Amino acid sequence: GNSVTQMEGPVTLSEEAFLTINCTYTATGYPSLFWYVQYPGEGLQLLLKATKADDKGSNKGFEATYRKETTSFHLEKGSVQVSDSAVYFCALCYNFNKFYFGSGTKLNVKP
Amino acid sequence: DTEVTQTPKHLVMGMTNKKSLKCEQHMGHRAMYWYKQKAKKPPELMFVYSYEKLSINESVPSRFSPECPNSSLLNLHLHALQPEDSALYLCASSHSQDRDRGNTIYFGEGSWLTVV
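Line by line, the protein sequences are chains A and B. So the first sequence is residues 16 to 126, counted in our numbering. So the second sequence is residues 24 to 139, counted in our numbering.
Simulated from the structure, these hints should not be mistaken for laboratory data. A few of these clues could be false.
When the alpha-carbon atoms are kept at most 25 Å apart in a straight line, the in silico PhoX-like pairs for lysine-lysine are as follows [said to hold, decoys possible]: (1) B/K41 to A/K113; (2) B/K32 to B/K63; (3) B/K63 to A/K121; (4) B/K59 to A/K121; (5) A/K125 to B/K63; (6) B/K64 to A/K92; (7) B/K76 to A/K113; (8) A/K121 to B/K64.
Selected chain B positions facing chain A (in silico; Cβ < 10 Å) [what the hints assert, rightly or not]: (9) V27; (10) Y58; (11) K63; (12) V71; (13) A115.
Please read these numbers as outputs of a predicted model, since none were measured by experiment. Glycine residues also receive a C-beta, built at the ideal position from the N, C-alpha and C atoms.
Hey, can you work out the whole structure from these sequences and the hints?
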């Protein structure tokens, strides 16, 4: 079946530290991959996406590369800010309307 | 700013009440979704409408009744809910079957529901 596995949080970093949040997936075929971010009390916002192998999604300093050989889509940012504190969800889309979400990783960034 | 609008943002209802959650999008999307999210958990899919027809029902109890009056609107009618139904209800939309656009789901900000 299709599924997404994320590293468990919370992840606590100091401001300007390097961020990696691991995400691996299991899917038949070739899904699209996404990272969504959820700030406290809000809905989910699309952060970035990649639709095929070796694509790199990027937005607001965050990056993730679709790695078919390792079935991974790890989220990275070179220098985090306090405002990046949120919950991050990795997701895959298979067969157009079927979206599968990981369990979410909470990021805390301290000044 | 999200282009999926949900109302109300907060709702408190008793177990015998009937209420509705409403969702609207003007992005021309032909697929609309209801998700339920409990605290510290990922969103769980409830229903999917594709071209105004119910295409996916993830075995949701009948006390939740979805309705899609047209391609821009999606409602969730609530009746005889239980306290454990208290959660954040998220509406979302996407292009239905357009491989070239690489399907992406866009969420509203959610409706916080408390059942007392």
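Each hint, compared with the structure:
1. B/K41 to A/K113: With Cα atoms ~30 Å apart, B/K41 and A/K113 exceed 25 Å; violated.
2. B/K32 to B/K63: 19 Å, holds
3. B/K63 to A/K121: 9 Å, holds
4. B/K59 to A/K121: Holds, at about 19 Å.
5. A/K125 to B/K63: With Cα atoms ~20 Å apart, A/K125 and B/K63 stay inside 25 Å; holds.
6. B/K64 to A/K92: 24 Å, holds
7. B/K76 to A/K113: This hinted pair holds, its Cα atoms lying about 16 Å apart.
8. A/K121 to B/K64: 11 Å, holds
9. V27: 8 Å, holds
10. Y58: At about 9 Å, which falls below the 10 Å cut-off, the nearest Cβ of chain A leaves the hint on B/Y58 intact, so it holds.
11. K63: 7 Å, holds
12. V71: 5 Å, holds
13. A115: 8 Å, holds
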